[in-house]
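Make the full structure from the sequences, and use the hints.
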Amino acid sequence: MRKITLLCAAIMLLAGTAIYAQNADEIAKAAYNLPDGNTSSYTATLTLIDKAGKSRVREIAQYNMKDGEVKKGVTVFRSPKDVAGVSYLSFDYPDNPDGTAKDSDSWLYLPAMKKVRRVSGSSKDDDFQGTDFTYDDMGDRSVGKDTFAILGEDTVDGIACWKLECTAKDKSAKISRRVLWVGKDNYVTYKGEYYDKQNKLFKTMECQDIVQIDGFWTTQKMVMTTLTTNHKTIYEMKDIQYNNDINPAFFTVSALERGQVK
Amino acid sequence: MMRRFLLVLFVLFLLCGAASAQELDYSGSFITQAGAGLPNTHHNSGDLLVGQTSFDSTFKVYTDETMLYINTILLYDALAGQSSNGASAFVSDNNNFSLNLKEAYFDWRGEKLALRVGRQIAAWGKADDVQIVDILCPQDESSLYSDYQDNRLGIDAVRLSYIGESTQTDFYWIPFFTPSTLPLADGNPLNDVMFGDFDNAPGRYSDFDMPDKDLASGEYGARFSAYLPSFDFSLYGFYGWDDMPFYTEEMAGKYKRMAMVGADAAIPAGDFVFRLESAFFPQRYMQASEGGTRQRNQIMALGGFDWTPTGGWTITAQYVADVVTGSDSPLDRHTYEHLATLSVEKPFLNETITLSGSFAMDLRYFSTNTELMVEYKFTDSITLSLTGEFYFAGPDKDGQFGSYKDLSCIILKAKYSF
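So the sequence lines, in the order shown, correspond to chains A and B. Going letter by letter, the first sequence gives residues 4 to 265 in our numbering. Going letter by letter, the second sequence gives residues 403 to 820 in our numbering.
By construction, these hints were calculated from the structure, which means they are not laboratory data. Because the structure is a prediction, the values reported are computed rather than measured. It is possible that some hints are incorrect.
[Unchecked claim] Dumping the calculated EDC-like pairs for lysine to aspartate or glutamate here, alpha-carbon to alpha-carbon at most 16 Å:
1. A:Lys75 - B:Glu567
2. A:Lys69 - B:Glu567
3. A:Lys84 - B:Asp458
[Stated by the list, open to error] What the simulated footprint calls covered on chain B by chain A, stretch by stretch (three residues with Cβ under 8 Å from a Cβ of chain A suffice, anywhere in the stretch; the number is not a length):
4. 565-572
5. 670-678
6. 777-784
7. 789-801
Heads up, the beta-carbon is just placed ideally off N, CA and C, and yes, glycines get one too.
Put into C-alpha cells, the structure is as follows:
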C-alpha cells in the first residue's frame with residue numbers, strides 16, 4: 004500500500020512538473036510577445052540615485068519598428084550633454100530553431116568619433132550607461148536565454164500573478180536567476196527579483212503606473228534597486244505612442260551617422 | 403568697416419535663421435587643462451608642457467529635411483603654442499589665441515539622396531587612433547596630447563550620398579586643400595622635437611609651397627559602405643594631396659599629390675568584433691633622408707579586435723603593418739614598419755569613475771607610448787581627469803615614440819558640458 008502511495012505521488016509530481024514547465028514556457032513567451040504595435044516611440048528619464056541621495060539624470064528617446072520578424076530599435080541620448088547625440092541601433096532576431104538566442108546586430112554612433120562603430124550584439128548583461136538596468140532589462144530579453152518554471156501564485160497590489168522563475172542558461176551570467184510576478188490576465192510584469200551567481204538577492208524591480216495606451220499594456224515607471232550598493236534607478240516614460248508614423252530611415256546606420264534621429 | 407559690416411550681416415543671418423527654424427539646438431563645452439613634464443624629461447622636467455583653456459560651441463538648426471551645423475572653438479594657450487595652417491583657424495600674432503571654425507555645413511537628406519555642403523569632418527576606416535584609410539581629413543599635428551579624433555580638421559567639401567536600406571555611397575569633391583597643422587610656434591613643445599635640429603626651419607604656414615587654388619588642384623574621394631547582418635565592409639578611393647609637406651635639404655616644404663584605394667571590414671562574433679583595414683598607395687611620395695622625395699608603392703594593413711566581456715570591460719588590440727616596395731635607401735624610413743596597440747577601459751561606481759589605459763609599441767625598435775587616465779564625473783556637467791602620458795625610446799634607437807621621450811607629462815583637466 005505504501006509503495007502504491009509513493010508511486011502515485013511520484014507520478015503526480017512528474018506530471019505536475021511537466022504541466023508547470025509547459026505553462027511556464029507559455030507564460031514567458033506570452034510576456035515576451037506582449038503586443039506593442041508595429042511601431043512605437045517614447046522619451047524616458049532615468050534618474051540615478053546613490054546611497055547618499057545624490058542624483059544624476061539621463062534622458063533618452065526611443066524608436067521601435069517591426070520589420071517582419073526583426074525588431075528594430077534606435078536609442079538616442081539627449082542628456083547629459085557630454086553624451087548627447089550618442090545613438091544605438093539594434094536589430095533583434097527571433098531565437099534559433101534549436102531555441103538558443105540569436106545575437107543582435109548592433110551599431111553605436113559616437114558624435115565625437117564622427118563614425119558608426121559595429122559593436123557586439125551578444126552581451127546584454129552589462130549595465131546600461133551606469134544605471135541599475137542592464138541592456139536586457141531595457142529591451143526584451145530573449146526567451147532562448149533562460150529556462151522557466153512556475154514557483155507559485157501571488158498578488159501584487161491586488162492583481163493575481165504567476166511567480167515565474169527564469170534561470171539563465173549561461174552559467175557565467177551575472178544574474179543567474181530572476182523571479183518575475185507576471186499578471187495572469189495580461190502577462191504584464193509587475194515586480195521582479197534578481198539573484199546573483201551565489202543565489203543571493205542582488206536587485207529588485209518595482210513596476211508602477213501600468214496602464215493601457217491605445218489598447219497596449221504599458222509600464223510607465225520602473226524602479227530598479229541594487230541591494231549591495233543601495234543604488235537605484237527610476238525609469239520614467241512619457242510621450243508614449245504606438246503605431247505612429249516613424250520614418251523607416253531612422254533604423255539605418257546612415258541616419259545615425261547624419262544625426263538624423265534626435 | 404567692411405569687416406564690421408560682414409560681422410553684423412553674419413549675426414543677422416544667424417538670428418534670422420534661428421527665428422525661422424523649426425528647432426535650434428545649442429551645446430558645447432568649456433575645458434581647462436594644465437600639464438607638467440615628468441622627472442625623466444631632462445630639460446622639460448617640471449616645466450609646464452600644457453596650458454590651455456578652450457570654449458567649444460555647436461549650433462544645430464533643423465528644418466524639415468535639412469540641418470545647419472556650426473562648430474567653433476575659441477582657445478587660449480598659455481604656452482603661446484598655437485599656429486595656423488592658413489585654413490582651419492585664425493591665430494593671434496603672439497600665438498596665445500586661436501579661433502577655429504572646425505565645421506560649418508548644411509546637410510539635406512531626401513529619400514535616397516543626401517547632400518552635405520561646407521566645412522565638414524568625415525572619419526573613414528575601422529581602425530582606432532591609427533591612420534590607414536582615414537586620410538580624407540588632415541590632422542592637427544601641433545598637439546601631442548589631444549585625442550586622435552579631436553585632432554581631425556574640417557575640409558571644405560561637397561558630399562553627395564546615395565543611401566540604400568543597408569548601404570551608403572558617398573562622393574566627395576574637395577575644391578580647397580587643407581593641410582595638417584604643424585607645431586610652427588616657438589612656444590609649442592613639439593616645435594623643438596620636429597624642427598629643433600634645423601636652423602632654417604619654417605616658422606609660418608606661408609613658408610610652405612601650397613597647391614594652387616584652382617579647379618585642377620581639387621581633391622576627390624569615394625566610399626561605399628554596407629552594413630549587413632554578419633559583417634560591415636567599406637571600399638574607399640581617394641585622389642588628392644598628402645596632408646604633410648615634404649622637405650628639401652634647405653627645409654623648403656612642398657605638398658605632393660597622392661592616391662589611395664582601400665577597404666575595411668568589421669565582423670562581430672560573440673563578445674568580439676574583429677576589425678580589418680587595408681590601403682594601397684601607388685607611387686606615393688616619401689621623404690628622403692637628405693631632403694627631397696622618392697616615389698614608392700605602399701601598403702598598410704591592420705587586424706584587430708574589440709572584446710567586451712561582461713562586467714563593463716572594453717579591451718581593444720590592433721596590429722598594424724606598413725610596407726613600401728623597393729629599397730629603403732635613401733628613404734627616411736624602413737621598407738617594413740609595424741606597430742601593436744592595446745587599450746583597456748573599465749567604469750566603476752555606476753560610471754562615476756572610469757579607468758583607462760592605452761599602450762602602443764613600435765615593433766622595430768620597441769619604443770613605446772603609454773597613456774593612463776582616471777576620469778571622475780563630479781556632476782552630470784563636470785568631469786575631472788588626470789592623465790599620465792609616458793614615452794620611452796627603444797633599447798637601441800629612439801624609434802617611433804622615442805623622439806617624444808622628453809615630453810612625457812602628467813595632465814590635469816576639467817570639463818564643463820552644457
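Each hint tested on the structure:
1. Simply put, Lys75 of chain A and Glu567 of chain B have alpha-carbon atoms about 13 Å apart, close enough for the 16 Å limit, and the pair holds.
2. Restraint check for Lys69 of chain A and Glu567 of chain B: satisfied, since their Cα atoms lie roughly 15 Å apart, inside the 16 Å limit.
3. At most 16 Å may separate the alpha-carbon atoms for a hinted pair to count; Lys84 of chain A and Asp458 of chain B meet this at roughly 13 Å.
4. Look at the segment 565-572 of chain B against chain A: 4 of its residues bring a Cβ nearer than 8 Å to a Cβ of that chain, three or more, so the hint holds.
5. Against chain A, the segment 670-678 of chain B contributes 5 residues with a C-beta closer than 8 Å to a partner C-beta. That satisfies the three-residue criterion, and the hint holds.
6. Remark: the segment 777-784 of chain B is confirmed as covered by chain A, as 4 of its residues place a Cβ nearer than 8 Å to a Cβ of that chain, reaching the required three.
7. Check result for the segment 789-801 of chain B against chain A: violated, 0 residues qualifying (beta carbon to beta carbon below 8 Å, three or more required).
Going down the numbered hints, you'll see the structure goes against just number 7.
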